[in-house]
Amino acid sequence: MFGIFSGLWRVLLHALHKRVTVQYPEKKSYLPPRWRGRIILSRDPDGGERCVACYLCAAACPVDCISLQSTEDEHGRRYPAFFRINFSRCIFCGLCEEACPTYAIQLTPDYEMGEFNRQEMVYEKEDLLIAGEGKYKGYNFYKAAGVSIANKDKGQAQNELPPVDMHDLLP
Amino acid sequence: MREVIIPLIIVFAVLAGVLTVSAGLIWLERRLLALWQDRYGPNRVGPFGLFQVVADMIKLFMKEDWVPPFADKFVFVLAPAIIMATTLMSFAIVVFAPGLTVVDLSVGLLFFLAMSSLGVYSVALAGWSSNNKYSLIGGLRAAAQMLSYEIFMGLSLMGVVLLAGSFNITAIVEAQKKMWFCIPQLPGLVIFFIAGIAETHRLPFDLPEAENELVAGYHSEYSGMKFAMFFVGEYLAVALISALVATFFLGGWLGPVLPPIIWFTIKTFAVICLFILLRATLPRPRYDQLMAFGWKLMLPLALLNIVVTGGILLSRG
Chain A
1 MFGIFSGLWR VLLHALHKRV TVQYPEKKSY LPPRWRGRII LSRDPDGGER CVACYLCAAA
61 CPVDCISLQS TEDEHGRRYP AFFRINFSRC IFCGLCEEAC PTYAIQLTPD YEMGEFNRQE
121 MVYEKEDLLI AGEGKYKGYN FYKAAGVSIA NKDKGQAQNE LPPVDMHDLL P
Chain B
1 MREVIIPLII VFAVLAGVLT VSAGLIWLER RLLALWQDRY GPNRVGPFGL FQVVADMIKL
61 FMKEDWVPPF ADKFVFVLAP AIIMATTLMS FAIVVFAPGL TVVDLSVGLL FFLAMSSLGV
121 YSVALAGWSS NNKYSLIGGL RAAAQMLSYE IFMGLSLMGV VLLAGSFNIT AIVEAQKKMW
181 FCIPQLPGLV IFFIAGIAET HRLPFDLPEA ENELVAGYHS EYSGMKFAMF FVGEYLAVAL
241 ISALVATFFL GGWLGPVLPP IIWFTIKTFA VICLFILLRA TLPRPRYDQL MAFGWKLMLP
301 LALLNIVVTG GILLSRG
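Top line first, the protein sequences correspond to chains A and B. Mapped onto this note's numbering, the consecutive letters of the first sequence carry residue numbers 1 to 171. Mapped onto this note's numbering, the consecutive letters of the second sequence carry residue numbers 1 to 317.
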């Protein structure tokens, strides 16, 4: 009996408590920088696409929402001919970002992606590519990796020694 | 001509007012529950979310009004009409202010008891005609619950009748000029209020609906406007019981300064808020606990209340 009345009183007192609801469209709750939201493709410091179309993200994706096709430009650089993410399938797990060897694919703290048309949930490369470097600054895969492309042969990358001459007997 | 027009105006004003208020109660309940649960509730449609009810009504009108092929069609359609009809009929005897009533019956209180007893048919028939086991269990529970709580609901009001010496609602309110009946008839008030919660199947006693166990109880199979009639019927019943608690125990329209109708509204809304507060607080008892509480505690208390009230009245002469 007493429990009922003390319960009623406690519930009544909740009228004075602060409401926990965040009034969403007017107020937005804080999202940590590592929030896994909309996926973007970043560019290297020189403005080139970071993506080398290695397919690792598509292989890592547990829901198979990434599809792409690799191709090469005249310098021998690999890049995706098309890069497509179906966000109506994406579960924002971030495994593609972990798999990416070139920091190209990144997840951003943006979640407002509602669409009226389901087809518009499929993002093409133009929609995914951003102008900047995203979370990882100053990294350029083709400058750091020992892959030879036009204007840069083996041994010319950052922190890379010239290749060993196999026919030379000198140590 | 005036003898015809004025009652007609009152009838339609009461009908419109009562239906609007009970639809508004849906909004009030959601906002109050939200307030007590540290949320906001519907606050987007219109000022303070008031038009949420309008939006919901439009939605319910647009919905397919489906009658399951396995249901008993005639009874299935009839059941929601009964609860609306009986509850609205009960409002006929409510006296909102002196002279502001649809009909001033000499046995107004008995009329209300009769109508609320008829209301059980709605729920029982709905559960039965749906031809669905959960609906049937809900209907059975409703019937058993209403039967057991109906008895001491009537008995709890007999103390009021003894004190007022009349079944007429106006006479009962007039008899409270010196002292509201909530003081000499406090047990009666508590018992009537508990019976009223059971009668409207509101939350501590909402076993007929019991959404955690019975889907939605007796109205599981209902959709569209038929469901809306059950839904609004429940809020109509809440408004009715609150209005009657205010009438029988809180002095009806009596009060200083403000006009009578305002006093009546204030008291009714206070009781409605108590209904909602109870919903926000109390968990649902088990079915056998509910029945035991009704028969073993409330019924003897109601009888004792009558005996004591009658004894005191007799000894005073």
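Honestly, I wouldn't trust all of these hints.
Capping the alpha-carbon separation at 20 Å, the derived lysine to any residue pairs in SDA-like fashion look like this [stated by the list, open to error]: (1) A:K18 <-> B:Q52; (2) A:K125 <-> A:Q158; (3) A:K18 <-> B:A280; (4) B:K63 <-> B:Q52; (5) A:K27 <-> B:A280; (6) A:K137 <-> A:P163; (7) A:K125 <-> A:P163; (8) A:K18 <-> B:G41; (9) A:K152 <-> A:K135; (10) A:K152 <-> A:Y136; (11) A:K27 <-> B:L78; (12) A:K18 <-> B:T281; (13) A:K125 <-> A:R77; (14) B:K63 <-> B:Y40; (15) A:K27 <-> B:G41; (16) A:K27 <-> B:P283; (17) A:K18 <-> B:P42; (18) A:K18 <-> B:A34; (19) A:K28 <-> B:A280; (20) A:K137 <-> A:T108; (21) A:K18 <-> B:L78; (22) A:K18 <-> B:P98.
To give an idea of the interface, some chain B residues facing chain A are shown, with a C-beta separation under 7 Å as derived from the structure [unchecked claim]: (23) E29; (24) L33; (25) W36; (26) R39; (27) Y40; (28) T170; (29) L277; (30) A280.
Simulated from the structure, these hints should not be mistaken for lab results. C-beta atoms are modelled at their ideal positions from N, C-alpha and C, and glycine is treated no differently.
Going through the hints against the structure:
| no. | hint | verdict |
| --- | --- | --- |
| 1 | A:K18 <-> B:Q52 | violated, 23 Å |
| 2 | A:K125 <-> A:Q158 | violated, 29 Å |
| 3 | A:K18 <-> B:A280 | holds, 17 Å |
| 4 | B:K63 <-> B:Q52 | holds, 16 Å |
| 5 | A:K27 <-> B:A280 | violated, 28 Å |
| 6 | A:K137 <-> A:P163 | violated, 28 Å |
| 7 | A:K125 <-> A:P163 | violated, 36 Å |
| 8 | A:K18 <-> B:G41 | holds, 14 Å |
| 9 | A:K152 <-> A:K135 | violated, 27 Å |
| 10 | A:K152 <-> A:Y136 | violated, 23 Å |
| 11 | A:K27 <-> B:L78 | violated, 48 Å |
| 12 | A:K18 <-> B:T281 | holds, 18 Å |
| 13 | A:K125 <-> A:R77 | holds, 17 Å |
| 14 | B:K63 <-> B:Y40 | violated, 27 Å |
| 15 | A:K27 <-> B:G41 | holds, 16 Å |
| 16 | A:K27 <-> B:P283 | violated, 34 Å |
| 17 | A:K18 <-> B:P42 | holds, 17 Å |
| 18 | A:K18 <-> B:A34 | holds, 12 Å |
| 19 | A:K28 <-> B:A280 | violated, 29 Å |
| 20 | A:K137 <-> A:T108 | holds, 15 Å |
| 21 | A:K18 <-> B:L78 | violated, 46 Å |
| 22 | A:K18 <-> B:P98 | violated, 43 Å |
| 23 | E29 | violated, 14 Å |
| 24 | L33 | violated, 10 Å |
| 25 | W36 | holds, 5 Å |
| 26 | R39 | holds, 5 Å |
| 27 | Y40 | holds, 5 Å |
| 28 | T170 | violated, 33 Å |
| 29 | L277 | holds, 6 Å |
| 30 | A280 | holds, 5 Å |
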